[in-house]
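Chains H and U supply the protein sequences, listed in that same order. With my numbering, letter number 44 in the first sequence gets 44, and the count goes up by one each step, no holes. With my numbering, letter number 150 in the second sequence gets 150, and the count goes up by one each step, no holes.
Treat the hints with caution; some may be incorrect.
[Unchecked claim] Here are some, though not all, of the chain H residues that point toward chain U, as calculated from beta-carbon distances under 8 Å:
id, residue
1, Val8
2, Arg12
3, Leu15
4, Val26
5, Val30
6, Met114
7, Ala221
8, Ala229
9, Ala232
The set of hints was computed from the structure by calculation and includes no laboratory data. These figures come from a predicted structure and were not determined experimentally. Glycine included, each C-beta is placed from N, C-alpha and C at the ideal position.
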Amino acid sequence: MPSYRLLVVGVRLVLLGGILVAWHSVPESVVPSYAVGRPVEVASALLSLLVSGSLLTALVATSSSVMLGMLVGAPAGIGLALAMSIRPIRWLLHPLVTIAYAIPKVGLISLFIMWLGISQQSHIALVTSFVMFVYFYGTRQALAEIDQDKLAALTLMGANPLTITRLLLLPASAPHLYAATRIALPLAFGASVFAELRVPASKGLGTLLSNFANSLDGAGALAVMIVVALVAYLLDVGLGARLRQHTESIGAGVEL
Amino acid sequence: MRRSVSAGLQWAAAAVLFYIVWDQLLAPSVSRAFIVPPWRVWSRIEEWSANGVLGNLIQTTLSEALVGLTIGVALGVLAALVVGLSPRLVGDVIEPAVTAFYAAPKFVLIPLLFVWMSNGFLPRTLFVVVAVFAVIFVNTVTGLRTVDNDCVRMLQLLGATRAQIATKLLLPHALGFVVTALTFAAPFALTIAIGAEILFGTRDGLGGMLFNASQRFDAASVLAALVVATILSAVLIVLSARFGALVRPARESPE
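Next up, chain H with everything else stripped away, as it sits in the complex (with noise of 0.2 Å):
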């Protein structure tokens, strides 16, 4: 139905349209423009920020803090997984990952503070405390739902290890860890902004948005605002995680 697409995107526009209209002509005195910036003053932040780089600048520090948690708690997760697979140290494990688990994340950056100072570390630590679960919950449901009778076959036949892992556990994890990405991914990023809101260190979004609020600049707030909300945006539409079923199956009750 192209006509009722077009309709959509039309009231969409005039809607947009005029919630800008009616925010552009709020009266000072109602509400100051420190507080929300208006319309035009927000776009010449956005551009201004744009032109002298820093919003660039702001998203590279901020990815690079989401790609290396990515790149720790990724496997951390994992490997945590595979080797509570074993039964001994799942014994002795699973009080301490239970517990853990429990722990309210956000809480952690206290600690890593202290640990590791005001620096990116930090930022990259939290988010991998946030990242690890996420796929140690995947891997582990994804080792449950694998073949038994098919991995009987294949290390009767004498398969070894790394055939096994090509041939049954990668496929049969391929979806878990994919799901896992899935929520990892936007959480990673919401963990790095908390992290950067609260540890000045790199000069990433969170960064950015509190030394605006700090200048009482409420338009430049607003600006890294509406970049971090596109990026989010941009983020769940990429990995097609519109409809969230798999948040549920994972349980990560931990979005932000």
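Chain H is already provided as a structure; the job is to place chain U on it using the hints.
Just chain U, lined up with the frame of chain H:
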């Protein structure tokens, strides 16, 4: 009886392992000042419980989380019902805005909230409301919009009114989604409340303790606050899971 003994043994073994890694491996190689032995953390908690700080910390954070949770759930379900039961166009028009709002990290709102409302119980609770609202709203709308279209058409053919379709089909279907969202909304609200206290840089609550203790490099207090927060979170996780298990079978039986 035997099971509880073996479980006790398991937890004792895990505690020993933790102590070895924490106090014998980590502490000497990192720093004794920041990785304090467990007994110092425990004595800090005892100190807090003796002078009444503990009750204060828990009460502040928990009341922000629970008040925010209650209001956020109520508003989220209500708004979702309005959107989900109104014509399809409404949902389609606001969809990108909802997705962006749901996906964006809510913590970016805190610097603005601070400028608007300064610091205190009200802005922190308001923030929990916003975060919980997003989770509940999106899950409930998803529940309302993923109803099997064939079922709807069949009911229409059988002459069901809109109200009948809503009460007999849409709401029971959406209820499952609401329950699932609820089971992770409670621990989530606690995390959000603590995160908000940290970013507001307040003096109150567990997050305030985490913030201030880390400012003065008081590792025992940071760890003690983390232990208390973890216990609260574990209690909320277990209660939510119980609640979910209690509600879910009752819903599935009529299908």
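Each hint tested on the structure:
no.	hint	result
1	Val8	holds (5 Å)
2	Arg12	holds (5 Å)
3	Leu15	holds (7 Å)
4	Val26	violated (14 Å)
5	Val30	violated (13 Å)
6	Met114	holds (5 Å)
7	Ala221	holds (6 Å)
8	Ala229	holds (4 Å)
9	Ala232	holds (4 Å)
Against the hints set out earlier in the document, violations occur for numbers 4 and 5.
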